[in-house]
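Heads up: the sequence lines are chains V and D, in that order. Numbering-wise (this note's numbering), the first sequence opens with residue 7 and increments by one. Numbering-wise (this note's numbering), the second sequence opens with residue 7 and increments by one.
For the record, the hints were derived by calculation from the structure and aren't laboratory data. Fair warning: this is a prediction, and the values are worked out from it, not measured in the lab. Where hints are given, some of them may not hold.
The list treats identical chains as interchangeable, and a pair is accepted whether it falls inside one copy or across any two copies.
Restricting the straight-line Cα-Cα distance to at most 30 Å, the calculated cross-link-like pairs of lysine-lysine (BS3-like) are [to be verified]:
hint	residue 1	residue 2
1	K584	K656
2	K722	K584
3	K739	K722
4	K656	K739
5	K739	K584
6	K722	K656
2 protein chains.
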Amino acid sequence: MSTSTVSTPSLPESPDALALLPMLYVAWADGVLTPSEVDLLRARIESIDALPESVRSEVCPHLHPTRPPSPETYDRWVRILRREIERLPDDRRLSLAEVGLAVAEAGGDGAAVSPGVRDALETLEAAVGVDGPGMVREIREQRPDPDDRATRPARFDVDALTRLLDGDRHDHMQRMRTLLSDDAFSYPPPQPTAVYREQVMEWVQLLAEQGLGALAFPEEYGGGGDMGDFMATFEALAMHDQSLVVKYGVQFGLFGGSIYRLGTEKHHERYLNDVGSLELPGCFAMSELGHGSNVRDLETTATYDAETGEFVINTPSEAARKEWIGNAANHGRLAVVFAQLHTGGRHHGVHAFVVPIRTAAGDAVPDVRIEDCGEKMGLNGVDNGRLWFDDVRVPRENLLDRFGSVDADGTYHSPIPSSGRRFFTMLGTLIGGRISVARAGLMAAKSGLTIAVRYANRRRQFGPRDQAEVPLLTYRTHQRRLLPRLARTYAIHAALHDLTGTYIDRSVDEGLEDVEAAANALKSYATRHTTDTLQETREACGGQGYLRENRISTLMADTDVFTTFEGDNTVLLLQVAKGLLSDFQREFRDLNILGMVRFVAKDVIDRLSETNPLASSQTDPEHLRSTEFQQSVLEYRADRLLQTAAQRLKARLDDDVRPFDAFIDVQDHLIHLAEAHAERLVFRSFADQVEEVQDEALRNVLSRLKSLFALRAIEKDRGWFLESGVLGSSKSKAIRTEVNRLCEEVRPDAEALVDAFAIPDACLSAPIGTGERR
Amino acid sequence: MSTSTVSTPSLPESPDALALLPMLYVAWADGVLTPSEVDLLRARIESIDALPESVRSEVCPHLHPTRPPSPETYDRWVRILRREIERLPDDRRLSLAEVGLAVAEAGGDGAAVSPGVRDALETLEAAVGVDGPGMVREIREQRPDPDDRATRPARFDVDALTRLLDGDRHDHMQRMRTLLSDDAFSYPPPQPTAVYREQVMEWVQLLAEQGLGALAFPEEYGGGGDMGDFMATFEALAMHDQSLVVKYGVQFGLFGGSIYRLGTEKHHERYLNDVGSLELPGCFAMSELGHGSNVRDLETTATYDAETGEFVINTPSEAARKEWIGNAANHGRLAVVFAQLHTGGRHHGVHAFVVPIRTAAGDAVPDVRIEDCGEKMGLNGVDNGRLWFDDVRVPRENLLDRFGSVDADGTYHSPIPSSGRRFFTMLGTLIGGRISVARAGLMAAKSGLTIAVRYANRRRQFGPRDQAEVPLLTYRTHQRRLLPRLARTYAIHAALHDLTGTYIDRSVDEGLEDVEAAANALKSYATRHTTDTLQETREACGGQGYLRENRISTLMADTDVFTTFEGDNTVLLLQVAKGLLSDFQREFRDLNILGMVRFVAKDVIDRLSETNPLASSQTDPEHLRSTEFQQSVLEYRADRLLQTAAQRLKARLDDDVRPFDAFIDVQDHLIHLAEAHAERLVFRSFADQVEEVQDEALRNVLSRLKSLFALRAIEKDRGWFLESGVLGSSKSKAIRTEVNRLCEEVRPDAEALVDAFAIPDACLSAPIGTGERR
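Excised from the complex, chain V in its bound form (with noise of 0.2 Å):
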């Protein structure tokens, strides 16, 4: 279906259409008209036989999930209808369909509503289930709706948390949360591979049938034109099911955005919107079994054929076959396969074409091979399959040529002379999906901490003797497990969320190489973390923990693969610290290997003096809680080890030792930079976003996770600090008390941290498979 933007008349016209308006708001009372409502209201108006057709004809229009009303519209309804109950008697409880009549009555064009439309409006009211006078009540007294969060005693505002952690996406998280908790997304019960991955091909169905497929492409192809909704929902549906957040990034984001990113506006012309809608599933063919890291050097070619004019794609080799692909073995009909471009007896590097590879009845296209990658640990929802191409033929349009062209008589045509600087260009749709997985795995992890905290909460062990037993988090223990990683989880979303934005602001001529590196670096430390964070949280739960019914066990076999994915994480690591040593060595391109070390370290330490003369030694609770004390620290660590490195590195290519091997030999170091340099982004995105808080009792929660965060950091190298004199042995001991203090600091405000989170209650439990009562 389509979801292009069609107006409305912001009322019905004809009274008997007019009287529903109390059911129209009703639908849309929190801006969300989610699948199960849509099925639900047009169902009972389909079915009762006493509403005039014009009435289906009026208000059907207004039940479509991309169509809500704009804000002005639902201000007037809701002007209209509370002009209307203020009309009417208020001691007595009103109906919505009485309400409804005295609109009708009212707002007409003096015509009265046909006969039978009362009684019908009656039968639709006690169908659809809704509190009609609950509802009229409300919009007498003009309450909003009761959150129950803020019922609960938090010593801040937790509403206003959530809003922080969303930021300019809040709306639509909102939107999210409304739609993720409808019926139609609830967990099935365990159930075999086969059916699961339907399950979750409907539901990325739902989702397109919501506008959300399209969200990063252009208006004019259906779409919203927002790169940030699109990775805001990514996000979002990492709340739910992670097999849906890995179908929906490959269709809408590596497929789709494949094709409008490298295409051009025939490309977009001819799919864009059949992609958007799902009508169109496809797939994205880079990876291959002997090529996962290394893309550069993937092994399928694409030999253009001047005579026909078709390029010829082919699998020269088992190890270049496509691995991995999500959408192949199932529901994909279309792949963008990536391939090195030969023409005219040359070689142009990877370029990607369109390829079909399934018919509309779902066979194999011939000379295309297709197999399951079968069950894997986790993500069994989405249909991963290997591709194989023997000599298959498609046209020269196929050939996604904003970056790279091909006339019809061969000859090669770049905007970018550089192949290099070509393929990284290319390269940019993958940047946007390594900073979603990093969002989506996050979001894992805040489902998995939501769950542990609140049942250290509750659940009670041991205690002093001959007294009640006392909750888990009241150990140090607990605390130590839980509350550090609930820090880091807040430090890290302010990270990725800073990235998102430089992401989306910069244009692709700017170059993304900076982007780049920072995404990297944060893919994998922020994968890192939600797999440790995980599996401390299921430890946390014990037995309770196991269970599937908890699913945080299911979170972590389908978020365990992040750590592999869109980037291995140590590869992603060792590329940023040479692209660090790389910028290093730009930088003092003209001093000489001692020149640079001790300009590098006059320049560290000087910062370090400035900062605090008596830094390693001095541990008072409050400079070793400043942000200025944290940011020195991790600052000096990650310039110590890019100096060192450097060094260490010098002095074995001085031994000519061959470079493969000296990097080999520097590697452990090399690790340890890329996730000191890591930290430290991370570090400076919170900071500033704690320092911006306006309201005082969120800027003092907010800064006590921040100090949590930098301290344990600290803490948990401390072996580095120690050795390389910045920590003496008395400060090291100071943070680790300081550490715990934060904990215990932190405990009360734990419950409220997660509830900022705001994952919906039906996002945190699975139901039981096999649990029957006998």
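We have chain V already, so just place chain D on it with the hints.
Relative to the frame of chain V, chain D by itself:
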């Protein structure tokens, strides 16, 4: 079926039966008669009409898995066969039938074989599908089975290392390897939980038929009387499926073991045969929803009614429901229920009662309610359930009364007057389970390492410019992931086997406190290692590690709860620390706290000084790799942490902090202490084991592993070592360098070191579920 020993004549008597001697030789050639072999041979022998009935009656007793030929019998068979083979011409391929006929003619009582037997033998040989001529040639040449592992180059004797690891259970472990390679144990494709549970039950049945269920029971009840073989079986099963491990452990270890250890002759007589044969499946119902860790305070009651001579078993609250009970949801018919015993108005603490829960037809008995725990993260082949008892009455003799009995009139007697000591003695059963779980988990880690090390030696990625890509294990990052964990696996193996020996040798009467303390420490340490190692191996295999086919993900999901069950790791570690503090306090009862501190400080400083006066700055490899250095550092840490924990507690108690709060305040310290204690126990065992190895090549390999284990342990905790002055900065750096060097040195042996675990190939990969080709 019974598994008692029945004497079988060493040779069939009739010529017809003697002619089957070559077939018997083939069946027992590897010392194990697997379920598939039994089925195959019996079915073939039954189906060949031409074989006289006397053959069946004489041959079939030799085809029983629990009645292998004695070594003497087997040697006799080989001698007879070789003699006849040597008499026959060697210029052509001899079938087993020809050899059998020669044996029959030479060895019988002069009578000839019956007509038709020759043809029948040839039919049998073909039907069974053995390579007769090959077997004949093998006997003639007296050549042992070729061992493909021996063909790989290794710098030490891999088989010798396997024997060292298996210790005095080598023959039994070899038998288990053969058994688990049998088709009967092959992994089915992914299947619904209900089907999987039945599959596991069938496997347990096969083990019972092999006589492996009753291994720990006395011979008079069909058992093997050998706890060591039972624990080795448990460990060996972990090469295969962890649900099988747990189900086997529940039935024979917890259920059967508690009847054996807590019951008396009347219970043994009545139950043990049927428990060992699995005719009577049962449960061990100790844990309650509200009492997972604190079982001494469980709530279920057993009140003696002298009027009827019955105990009334009752679940007084929802928190008292029996939770996580293995075998309860589907198969268990009887449960050993732990409940608070009340008789004549007096309370005697926790005792165990045999309580029927389900009829032979599978229905719950009246007043017992059973619920399925439902889907879990893993171990879904185990039917965990919940139990409620609504005043269920059982006769007086159902009390397992070895440590406490009730007369008909309700008078209570116990050989152990102290109820605390009595409870502890009853829990002795659990210590074996705790050690066994640690060993099973370690085996899972060995499987993960086997898969990941082999993958790392084969999978190539990146490489020097313009050269071939290099195997992953070339990279320091990859070595760091796998090799220190391989070393730690060897170290923990040594410690768990030492502990097993102590546990088995110790009689209950001697007291098991110290064994329990060590079991708690090592169970925590080993299962944490398992979870950590499997996670790392999954990631080290990249996307391949995420496929179910690869098995690591299954091992992860199945073993994840090992850190929680049989004692939650955090709770166990805190118990370990408290135990150390009590011993410490006892030892220094007469010293005041300052004297105590001085005493300990002097002691450890003396020890360090004697070992090496320059300990904190000496950095040469020889020193770092010496057992003296490693041991002194690891011992010092545990001693010092104990001393400072005592100081910190003392200071708080002196300030009138409640003991409960004082303990909470130092919990992170106590956990560190317990882990340091566990690590020193592991080191002691491993260092001793290495020292005793005679073969130099093997000792060198293990010695490197010992150093890698110890130095990596020190490196990991270098924050503490630097803080406390044990290491200086340069020594800490030298240790890091040495760990890197050791990784590089161990690398060429890595594959042989995982080969020595000798995990059957059949156990290392599972079929893919949906990998249909199109």
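These are the hints, each one checked on the structure:
1. Only within a single protomer do K584 and K656 lie at most 30 Å apart by alpha-carbon distance; the minimum there is 13 Å, versus 51 Å between protomers.
2. Taking the shortest alpha-carbon separations for K722 and K584, both the intra-copy value of 24 Å and the inter-copy value of 25 Å come in at or below 30 Å.
3. With identical chains, the CA atoms of K739 and K722 are at most 30 Å apart both within one copy (12 Å) and between copies (17 Å).
4. Taking the closest pair of Cα atoms, K656 and K739 come within 30 Å of each other only across two copies (19 Å); inside a single copy the shortest separation is 35 Å, beyond that limit.
5. In this assembly of identical chains, K739 and K584 lie within 30 Å of each other by CA distance solely across copies; the values are 23 Å between and 34 Å within a copy.
6. For the homomeric pair K722 and K656, the shortest alpha-carbon distances inside one copy (29 Å) and between copies (27 Å) are both at most 30 Å.
In this structure, none of the earlier numbered hints is contradicted; all agree with it.
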